[in-house]
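2 protein chains.
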Amino acid sequence: MIIKQKTTLSACLILMLYGLALRPAQAADPLPSWNSGNAKQAIIGFVAAVTDKSNPQYVRPEERIAVFDSDGTLWPEKPIIFQLAFILDRIRLLSKEHPEWKPEQPFKAVIENDMQYLATITERELMLLLAASHSGTTPNQFFQRVNDWLATASHPRFRALYKQLTYQPMLELLGYLRSAGFKTYICSGSGSDFMRAFSEELYGIPREQVIGSPPEYDFVETPEGPFILRQSKISTLNQKEQKPINIQHYVGRRPVIAVGNSDADLQMLQFADNRRDPALVVLLRHDDAAREYAYDQDTAMLRKAAQERGWCAVSMKKEFKKVFSFEK
Amino acid sequence: MIIKQKTTLSACLILMLYGLALRPAQAADPLPSWNSGNAKQAIIGFVAAVTDKSNPQYVRPEERIAVFDSDGTLWPEKPIIFQLAFILDRIRLLSKEHPEWKPEQPFKAVIENDMQYLATITERELMLLLAASHSGTTPNQFFQRVNDWLATASHPRFRALYKQLTYQPMLELLGYLRSAGFKTYICSGSGSDFMRAFSEELYGIPREQVIGSPPEYDFVETPEGPFILRQSKISTLNQKEQKPINIQHYVGRRPVIAVGNSDADLQMLQFADNRRDPALVVLLRHDDAAREYAYDQDTAMLRKAAQERGWCAVSMKKEFKKVFSFEK
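Taken in sequence, the protein lines are chains A and B.
Residue 242 in my numbering sits at position 242 of the first sequence, and the numbers go up by one each step.
Residue 182 in my numbering sits at position 182 of the second sequence, and the numbers go up by one each step.
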């Protein structure tokens with residue numbers, strides 16, 4: 001290939017100009033909604049270390065796995081987890097065709113909006129509601145229902161759509177980690193199909209990187225072709241020790257970064273912090289009653305482990321410059 | 001930004017030269033080990049259609065999922081599946097420390113290399129061997145054992161290492177699909193950890209894109225930190241209708257391309273061919289006794305379905321220019 005010297009020089013100039021144009025973006029704060037402080041510094045320092053080939057903490061790209069809990073970590077979980085709000089709305093809609101539900105708990109509480117009863121609903125009752133509201137559909141039909149609901153359903157306190165309530169600092173953290181070569185996963189106790197309906201749009205996380213509590217599926221053949229159908233039983237509840245177990249099943253390796261907020265996340269965070277390899281473990285503390293909710297006292301186990309192991313505790317009150325994107 | 005006209009022109013020239021340098025590669029045959037014919041044409045035609053935005057068959061990048069069976073689809077499965085060869089070698093090694101195994105089936109057959117017995121081994125017996133040979137290890141220890149075995153174990157007929165027996169045309173197909181934006185998955189009845197040990201090195205498929213039959217895992221905490229331990233029980237056997245069900249669990253959507261070779265792949269192939277959306281279903285026919293094995297007659301169900309539904313049947317004898325990379 002014959003290229004004149006001048007052409008090469010001009011090309012270099014262009015590459016340099018491109019470089020200059022890119023530099024401000026790279027130097028810009030990757031976490032603008034985080035206040036300066038220990039947490040932000042720890043995150044940026046860890047990412048710099050594990051992506052630097054000359055650093056002993058270096059982590060190869062294929063090992064860069066980051067897992068995030070969902071409820072209370074990526075968006076709120078109060079007054080009730082958003083999936084429950086979705087189920088309740090659906091049960092109320094269906095109740096017109098099911099008069100037999102009216103005197104029967106937990107349906108009665110749902111129809112009468114008895115929040116006191118619903119606040120302490122048992123797992124078995126929740127499964128009953130889930131089965132009554134959403135079994136027998138295909139995953140695609142279910143995704144559509146979730147998205148139809150998200151398009152209009154709004155939070156009782158914030159007067160915003162549920163889908164607008166993703167934590168802005170966490171969105172920035174997800175994007176920052178991806179730009180550093182991390183594969184970001186959601187690993188949550190919520191239903192897999194519920195989260196997969198919006199994980200891409202809300203978090204930039206594809207469906208296959210969502211680990212949740214899946215329903216059992218059936219594969220059925222019909223004259224119109226085969227279908228996967230959602231059954232009424234939950235396959236496994238993805239919480240506590242089931243989180244690391246499912247991460248091993250889905251990902252096949254230890255996560256290098258784990259972010260959670262409740263005692264049900266403890267084992268997932270311990271799995272990341274294996275005491276042998278580089279790990280960043282982040283614990284989100286809900287201590288901001290003014291902008292969100294304060295229920296930090298409910299996570300005694302997690303806070304104890306965080307203190308003993310020196311995990312990165314993030315106070316929403318202190319570290320989050322803003323909580324939601326719509327804040328001024 | 002101020003750039004002189006001449007500089008811009010020079011840059012265009014460079015881009016053109018780059019373009020010329022690239023063109024031969026793009027125009028080159030993406031499947032050089034495939035003979036020209038219906039199968040190759042169908043594959044290339046399908047990929048062209050689903051990646052062309054103006055084509056009614058267009059498939060968005062996030063939906064481009066391709067699933068491949070492993071044994072008999074990506075490498076041979078005769079005289080026995082390679083994972084069984086691995087297990088047998090391990091049992092023989094361990095048998096020195098387990099004199100109690102000697103009179104007991106299926107261990108007796110393994111120790112005495114009774115291939116007649118082993119050829120018709122039951123699923124329960126296989127699980128017994130698997131449990132005796134490989135439970136109680138961490139996944140990482142197990143990956144290491146598989147790779148140690150692969151480094152030296154060779155196939156009784158081909159006199160090559162097992163790891164050299166990947167089908168060259170299938171390696172090309174995997175690479176071609178990835179270059180067209182497909183995410184390639186293995187979905188096989190073999191153990192997940194067995195395949196994850198080498199999926200990246202042999203096929204360029206990361207661990208998280210391997211769906212197999214996983215063992216049950218335990219999460220245990222020790223003074224040295226937490227560990228995942230492999231248990232003796234297989235969690236679910238990934239074959240027949242379990243394949244589409246597990247694809248839904250792991251990927252969250254229908255695969256657009258499915259490639260298999262045995263009746264245990266039938267439902268996975270049906271799942272791809274849902275009769276409503278674009279699908280390429282490929283059936284590999286083992287009909288080449290000279291270069292590999294001929295046991296096409298064992299897959300009556302699959303061949304019947306392929307004929308009825310017009311799936312792309314690939315005769316190894318006719319369509320594969322070479323089977324293994326080491327052939328001349």
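Any given hint might turn out to be false.
Covered stretches of chain A (chain B as the covering partner; in silico rule of three or more C-beta atoms under 8 angstroms from a C-beta of chain B) [claimed, not checked]:
1) 235-249
2) 259-272
Subject to a maximum C-alpha distance of 20 angstroms in a straight line, what follows is the list of computed DMTMM-like cross-link-like pairs (lysine to aspartate or glutamate) [to be verified]:
3) A/K304 with B/E221
4) B/K240 with A/D218
5) B/K183 with B/D277
Residues of chain A clear of chain B, computed beta-carbon distances all greater than 12 angstroms [said to hold, decoys possible]:
6) P32
7) E104
8) S179
9) K321
Since the hints were made in silico from the structure, they are not lab data.
All C-beta atoms, glycine included, are put in the ideal place defined by N, C-alpha and C.
Pair hint B/K183 and B/D277, alpha-carbon separation not exceeding 20 angstroms
holds, 18 angstroms
For the region 259-272 of chain A, does the count of residues with a C-beta closer than 8 angstroms to a C-beta of chain B reach 3?
holds (count 3)
Non-interface claim for A/E104: all C-beta distances to chain B beyond 12 angstroms?
holds, 32 angstroms
Run the C-beta distances from A/P32 to all of chain B and say if the shortest one exceeds 12 angstroms.
A/P32 is indeed farther than 12 angstroms from all Cβ atoms of chain B, at 26 angstroms.
Examine each Cβ of chain B, and state whether all of them lie more than 12 angstroms from the Cβ of A/S179.
holds, 19 angstroms
Is B/K240 within 20 angstroms of A/D218, Cα to Cα?
holds, 12 angstroms
Claimed clearance of chain B by A/K321, with the beta carbon kept past 12 angstroms:
At roughly 32 angstroms from the nearest Cβ of chain B, A/K321 sits farther out than 12 angstroms, so the non-interface label holds.
For the region 235-249 of chain A, do at least 3 residues have a Cβ located nearer than 8 angstroms to some Cβ of chain B?
holds (count 6)
Is the straight-line distance between the alpha-carbon of A/K304 and that of B/E221 20 angstroms or less?
Cα-Cα ~16 angstroms, so holds.
Comparing the model with each numbered hint stated earlier shows that all of them hold.
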